[in-house]
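**Q** As they're listed, the protein sequences go chains P and G. Each step along the first sequence adds one to the number in numbering that gives the first Met the number 0, with nothing skipped, and position 28 is 27. Each step along the second sequence adds one to the number in numbering that gives the first Met the number 0, with nothing skipped, and position 335 is 334.
Simulated from the structure, these hints should not be mistaken for laboratory data. Possibly wrong hints are sitting among the right ones.
Derived CB-CB ranges, DEER-like [stated by the list, open to error]:
| no. | chain 1 | residue 1 | chain 2 | residue 2 | range |
| --- | --- | --- | --- | --- | --- |
| 1 | P | L58 | G | Q146 | 45 to 51 Å |
| 2 | P | P23 | G | N142 | 51 to 57 Å |
| 3 | P | I37 | G | R34 | 42 to 48 Å |
| 4 | G | N311 | P | D28 | 45 to 51 Å |
| 5 | P | L16 | G | E348 | 32 to 38 Å |
| 6 | G | G147 | P | I89 | 22 to 28 Å |
| 7 | G | E92 | P | T21 | 49 to 55 Å |
| 8 | G | P207 | P | R79 | 42 to 48 Å |
| 9 | P | I89 | G | Y8 | 21 to 27 Å |
To give an idea of the chain G side of the interface with chain P (calculated C-beta under 8 Å), a few residues [as the list claims (entries may be wrong)]:
| no. | residue |
| --- | --- |
| 10 | E74 |
| 11 | T110 |
| 12 | N311 |
| 13 | P315 |
| 14 | F318 |
| 15 | K346 |
| 16 | E349 |
| 17 | L350 |
| 18 | Q351 |
Note that CB positions come from ideal geometry on N, CA and C, so glycine has one too.
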Amino acid sequence: MTTELWLRDPTAETAPLRRARTKPPKSLDGLTIALFDIGKTRSDEFLDQVEARFAERKLKVRRYAKPTNAKVAPPEVIDRVAEEADVVLIALSD
Amino acid sequence: MAEKLEAKYSAATQLASRRIEYGEHDDPMEVCFARGWSDGLPVTPPTDERILRMLKGTTRAPNEVIGRIPPYLAECTVEKVAINAVLAGCRPEYMPVLLAALEAALEPVFTLHGVLATTYFSSPIVIVNGPIAKRIGMNSGLNALGQGNRANATIGRALNLIVQNVGGGRPGEADRSTLGAPSKFTCCFAEDESDPEWEPLSVARGFPRGASTVTLFQGHAVEAFVDQKSRTPEALTRSLGMSLVKIGHPKLVQSARAVLVLSPEHYAIYREAGWDRRRIERALHEATIRPGSELVAGADGVGEGIPASRANEQVPKFFEDGLMVVRAGGSAGLFSAILPGWLAGRKREELQPVTKEVRA
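Please put together the full structure from these sequences, using the hints given.
**A** Spelled out as structure tokens, the structure:
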């Protein structure tokens, strides 16, 4: 005699969606670069330096930040980055 | 027997979670490990019978959605809570406490995503107040922060398993803790409310006496505090201040909160002198104020520290409400415990402990 044996799934029963990564651009010329401050101490100092270096190379830069590193970025900030920038540099610094 | 029959004849209509079938020669405990449902310790296989029994611990419908669990913001129903409670080894009567703890964890100001994803040591610390604690047999006495009590051990464990299994927050993936801490398995205890003169944590946080509550704190356990010689509240306060300023790093301030678990023998020193919660907390706050010149980066030849611009300030270790005192522990031992908080609390209003009332 065979008995049916099963357990119930404790997970959310979701499956990850695989998407191909966007290829990195060959050059940053003409692109808008988002510099994204995640809210850690001194992230802004680090990004100031990066911005200065990019400025020397005449690259177009926009700054974004999330209010605190304790929380995920608000969706509207992510939407703005997606809308206004071509590439993003997310900085971590302590 | 009733649950056996119910499981056989009506589980299919009552339970929505998918079945994970296994072979007759498979060990269900090994199936749980293989599926990644464990925190590293054995879990109780979630059979229909056990889940149905667990659901009897709450009046809430199995399909009620409690919220979305980070990091992947997956919807969590009462049924999923019950399945994870089975895994953790809970009894059905723990369900109301577990559900309240989960609701507290999902308040935005608890920042559960950050607590999970941080490189720091933190996880949810669960503190239970009110009559429910006794009713379900929780430990607030000897070894309250240790092993051996089923409710203490499994409620905290179930909460972490929900984040892992429903939210997808796994160590090495979204959980980026550099070293972790044993308290990431579980850290849950009840406050000792045996002294009617003591204001319980729940009351201090705005709930009426007699209400059952769960308070969640972002931290890890434990740092020992030993003072076997101070006999006055002033001396004990100064002594506690010396230990409290060390959490994280002695030169880091206003970035972490802390819970002080005051043992009966230490509490007796305050009680005999007529000090209540407010007075103790205020005095401890003052005992952690130090000259900024000692704390600035570079002072004492140590790189860590606060900005040089604060050298002339008198700097408290915590924000005004950054220290919560809780009573617990066995009757012998002039030891107390410090539960240090997550260091991400630099922005006081962004990161707070959360208290929720326990409902049926």
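**Q** Hint by hint, work out which the structure violates, then give me just those numbers in ascending order.
**A** 1, 3, 6, 9, 12, 13, 14 and 18
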